[in-house]
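The hints should help you fit chain B onto chain A, whose structure is shown.
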Amino acid sequence: MKRRRHLDALDDDIRDHLEREIQDHIDRGLSPADARAAALGKFGSIALVKEDTRAVWIPIWIDQLWQDVRYALRMLRRSPGFSAVVVLTLAIGIGLNTAVFSVVDAVLLRPPAFAHPERVLWLTTLDPRIKDEFITSHDFQAWREATSLERLVAYDEFDGRLTAAGTSAPARVATVSDDFWEMAAARPALGRLPVPGQSETLLSHAFFERWFGGNPEVVGKPAVVAGHETTIAGVLPAGFRADLVPPPSAATRGIGAIDVYRGIVVRPLPNGMIQLFRAVGQLKPGISVETARAELETLRARWARANPGVPFRPTLQVVPLMDKLAGGARAALMILLAAVALVLLVGCANIASLLLARASARQKEIAIRTALGAGRGRMVRQFLVESLILALAGGSVGLVIARGSLQMMVRLIPQAVPRLTEAALDGRVLAFALGVSALTALTFGVGPALSFWNANPNDALKGGSRTVSPAAGRLRARAALVMAELALTLVLLCGAGLLVKSLWRITARPAGFDPAHTLTVTVQYDTGGRQGGEEPRRAYINEVLGRIRPTAGVEAVGMSTNAGGRMRLFIEGRPASPTQDRPTALHSSVSADYAKAIGMRIVAGRWVTDAESEPVFVLNESLARGAFPGEDPIGKRIQTGGPPGATAAAGATFGTVVGVVADLKYTKLDASPEPEIFADYRHASPFTINFIVRTTGNPLALAPPIRALVAGVDKVQTISDTRTVEAALTDSIAPRRFTVFLLGVFAATALLLALIGIYGVIAYSVAQRTQEIGVRMALGAERRAVVLMVVRQGMSIAIAGLVLGVAAALALTRVMTGLLYEVTPTDPSTFAAVIGVLAATALAACCGPAFKAARVDPLVALRCE
Amino acid sequence: MSTRSGDPRVELLQGTLDVLILRILRFGPAHGHEIIKAIERSSDDVLRVEQGSLYPALHRLIKRGWIDFDHGTSENNRRAKYYRLTRKGRRQLDVETTKWETLARAITRVLRPA
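Residue numbers (the numbering used here), protein chains in the order written: chain A, 1 to 865; chain B, 1 to 114.
If you are wondering where the hints come from, they were derived from the structure by calculation, not from laboratory data. Positions of the beta carbon are idealized from the N, C-alpha and C atoms, including for glycine. Fair warning: there could be bad hints in the mix.
What the hints assert, rightly or not - Distance condition first, Cα-Cα at most 27 Å in a straight line; then the derived DSSO-like pairs of lysine-lysine:
(1) 63(B) <-> 50(A)
(2) 81(B) <-> 42(A)
(3) 42(A) <-> 37(B)
(4) 50(A) <-> 81(B)
(5) 81(B) <-> 37(B)
(6) 88(B) <-> 99(B)
(7) 42(A) <-> 63(B)
(8) 50(A) <-> 37(B)
(9) 324(A) <-> 665(A)
(10) 221(A) <-> 284(A)
(11) 37(B) <-> 63(B)
(12) 501(A) <-> 665(A)
As the list claims (entries may be wrong) - Just a sample of chain B residues kept apart from chain A, beta carbon distances all over 12 Å, derived:
(13) 36
(14) 52
(15) 55
(16) 58
(17) 61
(18) 108
Only chain A is shown next, with the shape it has when bound in the complex:
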């Protein structure tokens, strides 16, 4: 711009002007020197003219800000050690905050992948005694009339197999009803959408590439998906995803990673049979969640009146899908976010303390600048600019740390938090980091900056460098900061300690249960179109058990069906009671060696054998206590019903209870044991099959041969999982381990910062008091007394901090109740341990400076001024 360049030429213009003026004076007879003096006199202050002229174009504050920035950079370069410590502290604090925020953003803030995510609802019915969430085909039929819903989708998700065009591949299958395609805005990249009412299927892009090499020929071909005939209608685009809540059995796979979507039609089933689904609905624009819930409730009530005697789940739940997806992660993430903010706060306290110390050292510089006419406001601003630069530098390095720690979190425990893998450093996260940096600068910068407000240049300039009043106020302020730091650290350590203790409680395991040496091989049994009911399945199980048993290194092998379903129990001889009031239990069919393989302890009676002539049952202690209070259950006769809610399945016979086993948490660690009932698999239908192999050596070395053995029996069956029970258990508490790990890291960081903080203050105070200590020693104080004096000073700060922290922790750990397991939020032993650790840390931090003080040579100390 021409006018801006005009400003650049200002120096030339002024020189030109002065030359002409000087020439005028010379022409009038002055000597060159006098002419020059006269011209300069008439011109006025050149610097001021330049500044005024610049101010025409550039607002004065920008100009001054730029000066401040350059000055600040110079100051920070001059003390590289200080700058490095501050930037690193901030980088850790801001980096951890940014990483946690990006997780929170992905899990709690980002809407799920749907066309109108804000209007998508999670619809389910609940039974307080049966935790499974589902709806029945009846519900679906009834809810279709709801006018508050624009779309309603019934779906299910499971592991299955797709066979088409000569390829058979394991696939994650979702069956979805018609409305799904519109709701998820599915636009096939190849082919077309499934026609409603027809059995047609879409493949995910990744699945299509992987198994069909991206060959478009497969579109339009017939296929078999999990035993159902279907046609491949098309392929979804690469970016397509649908955030459907997976059933609990598949939750560890994460959300949205589906290979095959098969269109289904929900029809009423004959003879009172029901089908179970999960459901999502889309609200009409402008309709509230509450309105939809009320309408569905009305429809349910009407349906129940029209169909008396059909079991009915008591509770309806209607929540935004987003809340459902976040699920249990919300509480943990909020606590992590709070904890990581505390770490940053501890870091800020440390930096503020450092800046205060530096403020004392810079007293003279400030005094000189004030004496030369710098205003207080300008000085404060100068310090804030320095803080801001430090914070931004910390923030930039922090982004690198955030990236690293995010990658680590995702790699370590990807399934810990739903949608964790989506967390990324995007624009929102960057904005967050920037905001936090600026806020941080204010937090640690304002105090030290204001400490100059009342600085009197006279005092500072008069004194020598050492005897400048030791800024007792600043030392007190630093002590207060360290106190706060210790208090915050104590809160964090208590939180981490309580979680660690919970984890320890959870993972404590009974004798005999050795999950590390137990393999599970899960098979999704597919009839493959064979007829003959249960017999082929039992034959298959027998064959697999028979082949694994003689393998070297196998101690025992057993089988159980997935203990995912609960059933109602009918006890012979009990007076008839309403279906809802009958006891329920997790039901699994097991083989003879199962108890030995998994490590279950038999408390009474016996386990099932492979040659039961009639149905027999084994109960766990929870069920025995609940269903037979004060009675001996052995010898009692029980009948198991269909899925919860159904009446006794037609044709089910009574079986005898032959034994009771101890409760064992072998699927989910942090849930209290549930009532369970085990039936021998020859007399009950096995569904999903888990082979349990107890090994003598390294189980993972045996995994490939066993997998091959199982695969060799029947190639049609999908082996979806081979891992140790320990790995499965560990996964079941992945969210917990994630929280414990992060909170532990945060607490350790805070502890380190607190250590540095208290050390810094005590060391500084000792340095300030060198002379005084010299005098004391010259007057006969013993070294021991000097050490004690310093330690007492440090520990009095520490103890005040600890008292404050305990009070805060007692008030705050209550928010963690939901995350604790068999530990109270104010667990005395945890608190005691944390106090001990912190006190020891503080003591260690004081000892260094204390011994240094004791080594002070009185002669040197007194002479040094």
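Just chain B now, with coordinates in the frame of chain A:
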């Protein structure tokens, strides 16, 4: 205004330099030094201008679009910046002149009631 009795010259009123520059440029383009000299001369050396203050004023007027400048060569073959009045500046000069005359008349009437 100066209160010193011995010196007949007065300092420029705040803000009047701008209008004086516009008036001088009405005669034709001029460079910075010429403008100052012209102000001093045409006020019979009564007005005392701190020469440096010309430059912020020139930049202010450029920014408002009342004057513009070209590079030219002065009488003794030196390169110089020649400032000139823009059409907008011409109109502004009329406005400012009227304003000034009104103000001067009013102040005179107050100080020397007839």
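- Item | Hint check, failures only | As far as the earlier hints go, 10, 13, 14, 15, 16, 17 are violated by this structure, in ascending order.
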